[in-house]
Amino acid sequence: HMVFGYAISALSSLKKEPYNFSNFEYNFLYFATYIAIFFSDMPVGMVLDKLPIKKTIIFLAVLSLLSVVGTLFMFHFQMTGYKIIVYILRGIFGVTGEALYTIQALLISLYGGKYYDLIIGAAFCIPLAFNSFSGIWFRLRNSSSNSSISLSVKIADLA
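Each residue of the sequence shown is one higher than the one before, counting from 27 in our numbering.
Just so you know, the hints here were simulated from the structure itself, not pulled from any lab data. Check each hint, because a few of them may be wrong.
To be verified - When the alpha-carbon atoms are kept at most 27 Å apart in a straight line, the in silico BS3-like pairs for lysine-lysine are as follows: (1) Lys80 <-> Lys140; (2) Lys41 <-> Lys109; (3) Lys42 <-> Lys109.
To be verified - Beta-carbon label-pair distances, calculated as ranges: (4) Ile111 <-> Gly138: 35 to 41 Å; (5) Pro69 <-> Gln130: 15 to 21 Å; (6) Asp75 <-> Phe103: 19 to 25 Å.
Since this is a predicted model, take the numbers as computed values, not measurements. Using N, Cα and C, we set each Cβ at its ideal position, and we do this for glycine too.
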């Protein structure tokens, strides 16, 4: 989840035209993500434990992608009630992302062998490294031009 300083500054443009998010609506984007994880983490984990790993990974990855693409379309078309749908999609994104972390840890514990400690450390650091790289790229991109942030960058920062 990209909830670092650069993502927050990019999302702050949601408070402006054409989205006009209030402070509550803006903060609820994060709340919707994490409240869904809070209430569904154990039940989803129990269900996923009973399913084959390959199918589960594919299902979660596709569902995560669909939630991000759905969010993109909701922001683009801004149909009536789109903010509610965005909150639901953010919840789905949070649950799928959390489940994929759990599966990642399971796969590492099954196949890591004697390199378990090294692999588990790298597996959880690599996404943070990409987030850091994305933050540097975002700042450089926006400091080199005075243009507004594109919708695709806003949606990518929600991820």
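*Hints that the structure is at odds with (numbers, increasing)*: 6
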